[in-house]
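Enquirer: Given two chains presented individually in distinct reference frames, assemble the corresponding complex, making use of the accompanying hints.
Residue strings, one per chain:
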Amino acid sequence: MSAAPPGESANRLRGDLMAYASLSLISIFCAIPFFWLLVGSLDGNAQLFLRWPETWTFANYLRVFAKEDGAKWLFNSLFVVGSATFLVMVLSGLGGYALSRTRAWWKLPFLYAILLIRVLPSTALIVPLYKFLLTLNNAEGALLRPIFGSTTRDIMRWTGFIDGYLGLILVLATMQLPLSLWIMKTFFDGLPRDYEEAALMDGATMLQRIRRVLIPLALPGLAASGLFAFMAAWGDFLLPLILLSSPELQTLPIGLFRAFLRINEIDYGLLTALAFIYLVPAVVAFGFARRFLVQTFSGGVKG
Amino acid sequence: MAKTLQERRAERQLMIVLLPSLLLLFAFVIYPAIYSVYLSFTNEALTGAAARAPRFVGLRNYTRLFNDAKFWNALFVTFIFVLGSAIIGQFVLGLVSAIALRRRLVFRTLFSSIILLPNAAPEVVAGFMWISMLAGGDHATLSRIVSFFGLPTADWLQVFPLSMIIVVNTWRGIATAMILLTAGLSTIPQEIYEAARMDGATPAQMFRRITVPLMMPTILLYMLISTVSTIAVFGLVYALTRGGPGGATELISIYIYNQSFTAYQLGYGAAVAVIALLVSLVLGIAYVRAAKVEI
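In the order they appear, the protein sequences are chains A and B.
Here our numbering is used: the first residue of the first sequence is 136, the next is one more, and so on.
Here our numbering is used: the first residue of the second sequence is 0, the next is one more, and so on.
None of these hints come from the bench; they were simulated from the model.
Among these hints, one or two may not hold up.
Non-contacting residues of chain A with respect to chain B, defined by C-beta distances greater than 10 Å in every case (computed) [unchecked claim]:
id: 1; residue: G179
id: 2; residue: T192
id: 3; residue: L197
id: 4; residue: N273
id: 5; residue: L279
id: 6; residue: I282
id: 7; residue: Y300
id: 8; residue: L352
id: 9; residue: L354
id: 10; residue: D371
id: 11; residue: P382
Label-pair distances were calculated between CB atoms; the ranges are [what the hints assert, rightly or not]:
id: 12; chain 1: B; residue 1: M14; chain 2: A; residue 2: R397; range: 48 to 54 Å
id: 13; chain 1: A; residue 1: V415; chain 2: B; residue 2: T186; range: 31 to 37 Å
id: 14; chain 1: A; residue 1: L173; chain 2: B; residue 2: A52; range: 50 to 56 Å
id: 15; chain 1: A; residue 1: Q343; chain 2: B; residue 2: F78; range: 51 to 57 Å
id: 16; chain 1: B; residue 1: A50; chain 2: A; residue 2: E332; range: 55 to 61 Å
id: 17; chain 1: A; residue 1: Q343; chain 2: B; residue 2: E6; range: 15 to 21 Å
Heads up, the beta-carbon is just placed ideally off N, CA and C, and yes, glycines get one too.
Excised from the complex, chain B in its bound form (with noise of 0.2 Å):
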């Protein structure tokens, strides 16, 4: 069918109003995209020779990047990050407040609203709230807590590094994993669990036999979620660590941040880039498939 001539100008007139939006994009987000790629061949640098003389050194930062110890290391940190604070951590917690949060007690709001509360911290007044927490030895509020149970303390950054801005990062996050597993277990008809409490099911069996199978495709998305927004977490972790002791907290956000506007070798920094955009492309074209969007 032959589109009408006004039909015609009003398809114009929408194309002319996303062009902004589009214009946007392409400039500050898809066209620097590409550039890394470019940077990432090239010996580009902030200050010195190769910043007025770029060269292209072809797939040399590739090399010296799997050669680099400080870079395995930091996919090493980020993969335990992601691994202990989005996966288990924030999902586990997450998982608990949703279920508990479907009964009818007195003080759900009030719950609710105390944990959705780190989630609308800024990273960096979240950064330091924890140093107050974990640092400064036994003044730290964590050490006088386990001090009070009878437990040994510790300067908690220097000696658990990893394991604190993981416990920090969950912290941050369980809200995030509560919103959506809510949504998730509001789709379980209630009628299900209603015949299995007949049959004389526990709660445990119910569990495991109907909440969780039902509840495995926003388990999934959830996952894929949490772990593309855990990977580009920075400003927490760096206004808490900087990346140390010693690379301990360095993930590959910080390696990224430290190579290209501390040593200011941004030709390496883009090539650690490039394999965080494809990492992160990859979980989201998962993510696009597995959530099956509706467009």
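So here's chain A without its partners, still in its complex pose (with noise of 0.2 Å):
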């Protein structure tokens, strides 16, 4: 290669400094809404507005968990995010991989279909699907209340479709199995037919050729088909505030966003910590699902 001319390393390193310059102003931007939380969880008086803390403490966090129901909502937000989570691995990687083996005719119009599903705001879905989970909650009261008579309401608890853990864990995880399907789906595209038919040729049963070979096989998608899953899962805040209502099944969002109504007795230290706490996993799903992120954005794009 020939040396560059002259105009050419200053260009470059204009270039350079410019791309410095608007990295930079772009990311105060991003970050500067987080140091609240930071600064304010750590803070013991910790206010509305971002302050250097007088004394730095661990209390706020402390008090997450003695004072308020911080403990409670953690463990609504991981039971119920977690079981719909596994929900979706379990039903996109089984549809996924009919979906990429099947020559069905209903293979394309499904696979458009579940892309259309995917830009259906659930905000404009919500009202609907809260009539619908109302009768079915109602139905199954209805079966449980003549066996179970005073302890139904504890089994529903569990097992409703309104103010339940299962309406919540199921809705959740419907709306992630669309993109879910598709990942699953694009993934086992991917992998070779050859093993499948080897298992197939030596006799082994359907249910044997998934565990044996397929479920190996498709660990990476289904990571990022569960990744992506939890995120949406985790940050959703319509469907917890629609669907639960009784205080011992809050989860995270919920209770951060009422602590957060309580106008004059708000404790910031209090909301920053809970804040926080929420945030983090988040954050770390996140960090893992970074390299997945472009084929998110199914078909056209490649990633």
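Expert: Here is the structure:
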């Protein structure tokens, strides 16, 4: 390669400087709001506005679990979102495999349908969804009450469709299914059929093929599918807001939201600590999911 | 060619393992979408007489909707919100980041991690962080920044509510634009730039004549994806303003929520939802066609 002409390196330097300047400004814009959470949660006397703490303390984090129901909210969030994620991984693993391997007529219509389902805003679906879940819930209640009597409510807390874990888990999982099915379908498309055909030749049943051959091969795909389901379900605010009302079922976003609404007695130290606890799993999952991000804009753009 | 018995059995098994997903999607997405069309023709309510015996009211919800200034306001607010944050804000900052990050810079990973961070924050957390940035008059972080530069401060969420939610949503979505546009940029062959440089083209000329035209398909896709996802934004703005002050930030999603769960008018809320569903569906079909999705 010949030496660059003198103007070239000056140009490059100027371009680099412009890149540094614009990236620095954009990064400052992106990072600034986080400082309040970080500093406020360690401040003994945190306020709504950003300030340098006079005393640094971990008391806020302890208070989240001691004074408020932080532990309960965290458990509920982990349980509901964890179950939904697990469900999505199982269903999208199976369904994605079927979508990849089938030659049936419904393959194309189904794939177009799940692409379109992805664009439907959940706020627009929430009203009929609420009505439908209410109907299911009443039917379940009518069925269980004669059998279990007064303990029905305790059972429905787990299996109810409105104000119960089951309904929220199922709906949260369903909302993540289109993307996850798509991820898994694309993933299986990239896996050669040779392994399964060999297993088939050896007389392996469907279940054996799934357990011995497909699950080990599909783990990277399942990781991506599960990560995206976890992130979306963890951050979701609308569904728990509408579907849950009992205080003992509240999840982190709702606990946080309600704590902020107590206008005159907001404990900002506690709130920022709670928000930080809620933020950490999301950021960690996002860090793991980074390398899969491009693929989520399925189709056209290749990752 | 006739299918063998074994092939037919395999097809049936594939259908069976897909069935649970199909059932869930049907029960909790497709059926509600169809049911919302039905609801929009009734006077269904969450409480009161209409809740016990909802009646079919024909197009009354829709005629009411077209004469409802608050509905038009919500449409207008949503339009400005999408235009300001997705089409302009996120796109411009995302493109600048994507282009700048193509250079071999020292803090490349650090920059891109920080830019991705807002996207990872849950909606409610993002909303609260921005309350601290914007509310509280002179103490708000933004007020302190602008007064540092000698500019006048304001009660941001009261005086410029719509502009502020546009800024916040821009902040949250730069990463999405950056990721997609980076993917698009990487498909442009470097040789084209080399050739243009040989011919003495300036960076500005290369950007206008090479980057923009070759990126057009990606840009179009980005616009469709981000428009659809921005129409669906709810928690971020709801946590920040709850639609106020005076409807200034009442997006269509917040309007649906307020009509259905604050005013308890499920039938009317469903009519608004049907409009939002239709708009999203049209954009979605345009997306599938534009993306030339390979299945």
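Enquirer: Check the structure against each numbered hint from earlier and tell me which ones fail, lowest number first.
Expert: 10
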